[in-house]
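Given these sequences and hints, build the entire structure.
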Amino acid sequence: MSTLSIVNGLVFDGVSSELTQGTVHVVDGRIASVNGPAQPADRVIDARGGTVLPGLIDAHCHAYGIDLNMLALESRPLSYVALAGARRLANSLARGFTTIRDPSGGDAGLARAIAEGLIPSPRYLWLGAALSQTGGHGDARGPDMQVCGCAAHTCEVVDGIDPLRRAVRDRFRRGAHAIKIMTSGGVVSLTDPIRIPQYSPEEIQLVTAEAARRGSYVAAHAYSPEAIMHSIDNGVRTIEHGNLLDAETAVAMAAAGAFLVPTLVTYDAMDRRGGDLGMAAISRQKNSEVLEAGRKAVELARGAGVRVGFGTDLMGPLEDEQLNGLRVQIEVDGVFLALQSATSVNADLIRRPDLGRVQEGCAADLLVVDADVSQKPSVLWDGPEHRTVIQGGTVLVG
1 MSTLSIVNGL VFDGVSSELT QGTVHVVDGR IASVNGPAQP ADRVIDARGG
51 TVLPGLIDAH CHAYGIDLNM LALESRPLSY VALAGARRLA NSLARGFTTI
101 RDPSGGDAGL ARAIAEGLIP SPRYLWLGAA LSQTGGHGDA RGPDMQVCGC
151 AAHTCEVVDG IDPLRRAVRD RFRRGAHAIK IMTSGGVVSL TDPIRIPQYS
201 PEEIQLVTAE AARRGSYVAA HAYSPEAIMH SIDNGVRTIE HGNLLDAETA
251 VAMAAAGAFL VPTLVTYDAM DRRGGDLGMA AISRQKNSEV LEAGRKAVEL
301 ARGAGVRVGF GTDLMGPLED EQLNGLRVQI EVDGVFLALQ SATSVNADLI
351 RRPDLGRVQE GCAADLLVVD ADVSQKPSVL WDGPEHRTVI QGGTVLVG
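For the sequence shown, the working numbering assigns the number 1 to the initial residue and increments by one for each residue that follows.
Hints were generated in silico from the structure; no laboratory data involved.
Ideal Cβ placement from N, Cα and C applies to all residues, glycine included.
Do not rely on the hints blindly, as some may be mistaken.
[Stated by the list, open to error] Simulated restraints, written as ranges between beta carbons of each label pair:
(1) Ala-108 <-> Asp-159: 17 to 27 Å
(2) Ala-281 <-> Gly-361: 50 to 60 Å
(3) Leu-83 <-> Asp-46: 29 to 39 Å
(4) Asp-28 <-> Arg-174: 24 to 34 Å
(5) Gly-109 <-> Pro-163: 17 to 27 Å
(6) Gly-305 <-> Asp-170: 31 to 41 Å
(7) Arg-273 <-> Gly-117: 33 to 43 Å
(8) Arg-112 <-> Arg-76: 39 to 49 Å
Right under this line is the structure:
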């Protein structure tokens, strides 16, 4: 039996809008008690002056998203992409993200390497290559490119009912957590307007029905009200990005029980760094369209009662902005709502109520930072010297 106690710290339980003073006691990788009396333990962490939080959950993080150029990314050997992706996962874990959902990439091999402890990684829920129609957001080809577009590290072009059926079933055969589809245009794709819905109703219905039969769900990349309605009307459960959301569509999302996963930091980072990184002019123009709208979308979603998660969607060298995702969402939501999004709400989104909470019986995935987050939220995105990361009761960093 292994034991760990974290004493003298303030505790954010993942659900409340306040901090409590107390001890978190861990036995064999699970939280045995919270705010009880101090107990003997193999290791004791004194968190005096700091905050104990659930390990963070990034619900939109791409292990294989190693390049801002989609065609370059898809054309590299998967062996290289996986090795680079393993480093990205290790970096995420060191920042305090103990779980990620990867909505465009990952595969059974990477998942097995993680399960066998071959690489350090957050708990990894992969969806496999996202599904895109020809000329959709996941089609990396420009209008004048004579290439097949057949590689599928992060996106796969699949049209029609029967091909989609086979693609969905094969993802579940290999162990995918859920299915991702592209139902609107995007920023980095070159040939598709952002607002126009993608895939036919029949195609989306097929994908969502197949996922439901497996006890799973579908996430959709969607920006505009038209694309969001097109998605939820046909059974999609989580809307990724959603920057152009309007009030009417937010009400419809709430009625459908759909989650919104905003990825505010990626637009902030691309706005600041995109030019230096060689982003295409059309992509930078699209980014300008959705940058400020994304913040308003979160406010509209909150007002309508939509459950709002947290994601980052950072590609290539922008991965180092991951913790800034908390900064940007806190600017919109305040500290506690943003932290709830990155912990308990995301845990409910991925259907893992044993994660994202500092509660008895939950997995001991924890983050300890050396300040009161309600008074100094910047400690959440400060350097590694300000944090201790614990996964499954094992102290990894700190």
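Verification of the supplied hints:
no.: 1; hint: Ala-108 <-> Asp-159: 17 to 27 Å; in the structure: holds, 25 Å
no.: 2; hint: Ala-281 <-> Gly-361: 50 to 60 Å; in the structure: holds, 52 Å
no.: 3; hint: Leu-83 <-> Asp-46: 29 to 39 Å; in the structure: holds, 38 Å
no.: 4; hint: Asp-28 <-> Arg-174: 24 to 34 Å; in the structure: holds, 31 Å
no.: 5; hint: Gly-109 <-> Pro-163: 17 to 27 Å; in the structure: holds, 23 Å
no.: 6; hint: Gly-305 <-> Asp-170: 31 to 41 Å; in the structure: holds, 36 Å
no.: 7; hint: Arg-273 <-> Gly-117: 33 to 43 Å; in the structure: holds, 34 Å
no.: 8; hint: Arg-112 <-> Arg-76: 39 to 49 Å; in the structure: violated, 21 Å
When the structure is compared with the earlier hints, a violation turns up for hint 8 alone.
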